[in-house]
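Using the hints, put the two chains back together into the complex; each one sits in its own frame.
Below are the chains, spelled out letter by letter.
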Amino acid sequence: MTQLDQSARPRVLLVEDEPNIATALSFILQRQGFRVSTHSDGATALEAVARHAPDVVVLDVMLPGKSGFDVLGEIRSGPRPELPVLMLTAKGQAKDRERAEALGVSRFMTKPFSNADLLSAVAELSGLDIPARPG
Amino acid sequence: MATKGRGSTGGRIRERRLALGIRQAHLAAEAGISASYLNLIEHDRRPIGGALLGRIAEALDVSRTMLSADVDESLLDVLRAAGAAQNLPSEELTSAAEFARRYPGWARVIAAQAERLAAQADTIEALSDRLSHDPALAEAMHELLSTVAVVRSTASILASTPEIDANWLRRFHANLDADSRRLADGAEAVVSYLDRAGAGNDEARLTPSETVAQFLDGRDHAFAELEARGADAIPELVAGLASPEARALAAEVLTADAEDAARLPLEILAEAEQPDDLLEAARGDAALVLRRLGVTDPARGLVVCDASGALIRRKAVAGFSLPVIGAGCPLWPLYEALSQPGRALVRRLEMPDGATWIAHAVAAPLPQTRFDAVPTPRSTMLLTRAVRETGPAVPVGPGCRVCPRGDCAARREPSVLPG
Chain L
1 MTQLDQSARP
11 RVLLVEDEPN
21 IATALSFILQ
31 RQGFRVSTHS
41 DGATALEAVA
51 RHAPDVVVLD
61 VMLPGKSGFD
71 VLGEIRSGPR
81 PELPVLMLTA
91 KGQAKDRERA
101 EALGVSRFMT
111 KPFSNADLLS
121 AVAELSGLDI
131 PARPG
Chain S
1001 MATKGRGSTG
1011 GRIRERRLAL
1021 GIRQAHLAAE
1031 AGISASYLNL
1041 IEHDRRPIGG
1051 ALLGRIAEAL
1061 DVSRTMLSAD
1071 VDESLLDVLR
1081 AAGAAQNLPS
1091 EELTSAAEFA
1101 RRYPGWARVI
1111 AAQAERLAAQ
1121 ADTIEALSDR
1131 LSHDPALAEA
1141 MHELLSTVAV
1151 VRSTASILAS
1161 TPEIDANWLR
1171 RFHANLDADS
1181 RRLADGAEAV
1191 VSYLDRAGAG
1201 NDEARLTPSE
1211 TVAQFLDGRD
1221 HAFAELEARG
1231 ADAIPELVAG
1241 LASPEARALA
1251 AEVLTADAED
1261 AARLPLEILA
1271 EAEQPDDLLE
1281 AARGDAALVL
1291 RRLGVTDPAR
1301 GLVVCDASGA
1311 LIRRKAVAGF
1321 SLPVIGAGCP
1331 LWPLYEALSQ
1341 PGRALVRRLE
1351 MPDGATWIAH
1361 AVAAPLPQTR
1371 FDAVPTPRST
1381 MLLTRAVRET
1391 GPAVPVGPGC
1401 RVCPRGDCAA
1411 RREPSVLPG
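Note that the protein sequences, when read in sequence, are chains L and S. By the count of the working numbering, the first sequence reaches residue 135 at its end, each step adding exactly one. By the count of the working numbering, the second sequence reaches residue 1419 at its end, each step adding exactly one.
Be aware that one or more of the hints could be misleading.
Far from chain S, some chain L residues (derived; all Cβ distances over 10 Å) [to be verified]:
#, residue
1, Arg11
2, Asp55
3, Arg80
4, Leu86
5, Lys111
6, Gly127
7, Leu128
Rough simulated footprint, nothing fancy, chain S against chain L, three-plus residues with beta-carbon under 8 Å [claimed, not checked]:
#, segment
8, 14-26
9, 61-69
DEER-style ranges, computed between Cβ atoms [claimed, not checked]:
#, chain 1, residue 1, chain 2, residue 2, range
10, S, Ala1174, L, Ala116, 21 to 29 Å
11, S, Pro1395, L, Ala53, 51 to 59 Å
12, L, Pro79, S, Asp1217, 34 to 42 Å
If you're looking for bench data, these hints aren't it; they were derived computationally from the structure. Backbone N, C-alpha and C fix where the C-beta goes; we use that ideal spot for every residue, glycine too.
Isolated chain S, as found in the complex (with noise of 0.2 Å):
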């Protein structure tokens, strides 16, 4: 008997004639057979063959070959699946298995490519993500477009003005030259960027602590829910999150949050508007302030690095950009504090667009689990948008990937950008 379900011969009856909406008796009295007999055809509980399948054919309109020939089930749900994509019909879906067996070997060929387009489908979803959560590539992509832009429209300017000036002549031609030597150097750097990051790797994975930090980026940082129920709300808060170690992850800052909620709640965050009017009510822990603000005020940014520099927490503000990769920028004063734990530093900083922070950081040890443990310190920075404070400013940067800034001593790698 042939292989019991769709691909047998009993199913595919079955399936052509319900694709052509014909009842059970109809086909049956067209055959000459009772309906029960067919029923016991179609669920494969009889052999057929011979004239009675040529009869069936004939009254389903296809030949024998596609009633009897097998199709691999794995081929039909690929091909049922592209065709679902594309929106088709149901009805022409069902068809799926008539065109699998009349052309078998067009139908592995549409299977393949369908399967390479998910493929690149997946990747493509994968650099997208890269390119809307790394800010060090969002950078790079948009001093490309950039110039993409000017390039683009010098290049109309002189094609739809044959009467152009000399002199606009002269200043568009330098342009275009020095646009296009920078957009050459700028597809390189991202080219050779994206290279770099897909090396080895499936970037479509992300790793525990990547899947806690777009968890907290995609709430800005900001758990009400901790406000209102501390840490009794964490277990919904994480649940969403695919693995047990982003799970827990997530769950040991989330529990570091409600704590320092219950220690500094927003009703007295709400009287304060510098991150001196908080000491107080703190205890005079500088880093626990920083902390609340950074985490409660949509316009403030927040860094935390561990002793060895490397950022454990990043809460983007719009005008001072993050790398999700790697370290921040070496003048930051979260470093400078590292070298002077429990000292609160006060730093005008200076980006390189122009817009001037203010930026508060401290470190302070982690509590000692032991006696004679090594201290292990943590810096805290807190970034506010200057606004009325003038004063000489550090010049620092987004970290060296994405700072154009060439002439820096405290440069450790090239930028990405175009000089």
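One chain only, chain L, in its complex shape (with noise of 0.2 Å):
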């Protein structure tokens, strides 16, 4: 990645309530190369989605006020309907995976994870091949 220029870099919106998490998955994705803008709830995560123009959106499914849910639904219903998303969640339950699947995921992937496994899925879901480090 480090053969890209800064604007070349894809851009990841990270959605994330919990700030520990959103600290460290920021960490290792722009030690990564990404472009990394974080919101912790879901209206300011789809201001962002229309101003920044990210190439991939990493979401939690539970956040305060809209949910995850909410948030995919109206991406996929808004002008960019296409924008790959990775959902996160510590609810494996099927029923969240297929609620998730109905409105249009990219990719699910269930709390904990790894973090090579949530850099190999955001290098996938941004088009670019990217190897992933160890961790």
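Written as structure tokens, this is what we have:
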């Protein structure tokens, strides 16, 4: 990724209300070369989708106010319905996955996941061949 | 004569022969007897022993002992079931008797382990079921897994980034310290909860009311059959419930729902947006309006309690958890309405996650069955996610056990969630 200039780096919108998870995920994504903007609730995340044109959205299911499902639904019915969305949840229940898939989620990961798996998924969704570091 | 059936000598000869795919006439010729005589032996109608048993054993490529020793049929059943559970081919399953005769000690060990595994599977299924249907435990596990996620991610960063900046290092160490303590507290709370839940009870068994609650949740409390055919549909709807008590209880709930549906049919509901729009059609019965909107609209939640505050109907809605066990939040207007029977309340509620909800609640006495009886009110609350409404909101929770509000004056018991 070092060969890419700043503007070519994929932009990741991270929507996570748990500050320590947001810190860790933001760190590993930036270290990998992504540009990351972090939001702790669905409403500001949707504004950021319109304003910053991210390449990938990493979206927690449990958020204050609008849930991750609400945000995903609004993205899919908005001006960028094709925007790749990776959903994160600590609830591995089948109905959550089914609901996310019905709404058109691109990928679905259950916590706890490895940093490597997350980076690999974001890289794949961003359309770049980025070798993930271990961890 | 030996025990008749698969455990008898004749039965074992037949079993072994079939397992090898040998025709009866062929084995009889090998053993120097007629096919009809072998048939009598295999069906325990002729005794066998001595040299003939030796010849048959030799032809079947087993020892005499394998054919003559008795094997406990129940042991064989367990072994065959264990093999079938592991998808052993049928020709392997037929050799269970031979295995048990040759290695009786090991056969008993395998059978005991298979039975223990089956019992553990039942326990896991019961716990998994509890996890799926108990919001208190599900919330606690959600919190626990979220904390595990951040600990794992942060630890991986520290392990794989030797060149990390000192400021980041301090920050991650502090986060790791806080999250690991949160993790320990959360794990302790969940274990303690499971211990309490399992103490003295067989958690695999559900009470009739739990069975009915599962049945209603499985249909999201909405029954098109009742809307179309009324109470006539009830027998077939409840037929799948295991116990007569559960069927009777479910029928009672559905009968009330069918009566509600007849009084306020779907075509009238379809024209209304707010509960107020339906009061005239419901002849002022506010509880009827709330129940009908609650059971027919998947985006709304419904809670009904009796005069003691016990929740007798819970229809959860995404974002507003309802406790399966125990009472709800004392600040819900459901309980406020109980103290003012007949007065329909509207309250704006704020859940701990910041989401706001509109709650309509009303309490009304059940119809009197005799004069001078003590009135028994029931309170009904409809939950609708607030979209346009603004203004002050009452801070509430899903119930004390899973509520993170530490400074709540109404708290009656500690939360299982880490603080």
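Ala1174 of chain S paired with Ala116 of chain L, Cβ distance criterion 21 to 29 Å
At roughly 24 Å between Cβ atoms, Ala116 of chain L and Ala1174 of chain S fall inside 21 to 29 Å, so the hint holds.
10 Å cut-off, C-beta based - Leu128 of chain L kept clear of every residue in chain S
holds (21 Å)
Beyond 10 Å from each Cβ of chain S, as asserted for Gly127 of chain L
At about 24 Å from chain S, Gly127 of chain L clears the 10 Å cut-off, so the statement holds.
Given coverage of the segment 14-26 of chain L by chain S, tested with a Cβ cutoff of 8 Å and a minimum of 3 residues
Since three or more residues must qualify, the claim that chain S covers the segment 14-26 of chain L holds, with 6 doing so at under 8 Å.
CB of Pro79 of chain L to CB of Asp1217 of chain S, is that within 34 to 42 Å?
holds (37 Å)
Does Leu86 of chain L clear chain S by more than 10 Å, comparing its Cβ with all Cβ atoms of that chain?
Consistent with the label, Leu86 of chain L stays out of reach of chain S, its closest Cβ about 14 Å off (over 10 Å).
Does Arg80 of chain L clear chain S by more than 10 Å, comparing its Cβ with all Cβ atoms of that chain?
holds (23 Å)
Check the non-interface label on Lys111 of chain L: least C-beta distance to chain S beyond 10 Å or not.
violated (4 Å)
Verdict on Arg11 of chain L as a residue remote from chain S, using beta-carbon distances over 10 Å
holds (21 Å)
Against the range 51 to 59 Å, how does the distance between the Cβ atoms of Pro1395 of chain S and Ala53 of chain L compare: consistent or not?
Check failed, 37 Å falls outside 51 to 59 Å.
Reported absence of Asp55 of chain L from the contact zone with chain S (all CB gaps over 10 Å):
Nearest chain S Cβ is 21 Å from Asp55 of chain L, so the label holds.
If you look at each residue in the segment 61-69 of chain L, do at least three have a Cβ nearer than 8 Å to any Cβ of chain S?
holds (count 6)
Hint check: violations occur at hints 5, 11; the rest are consistent with the structure.
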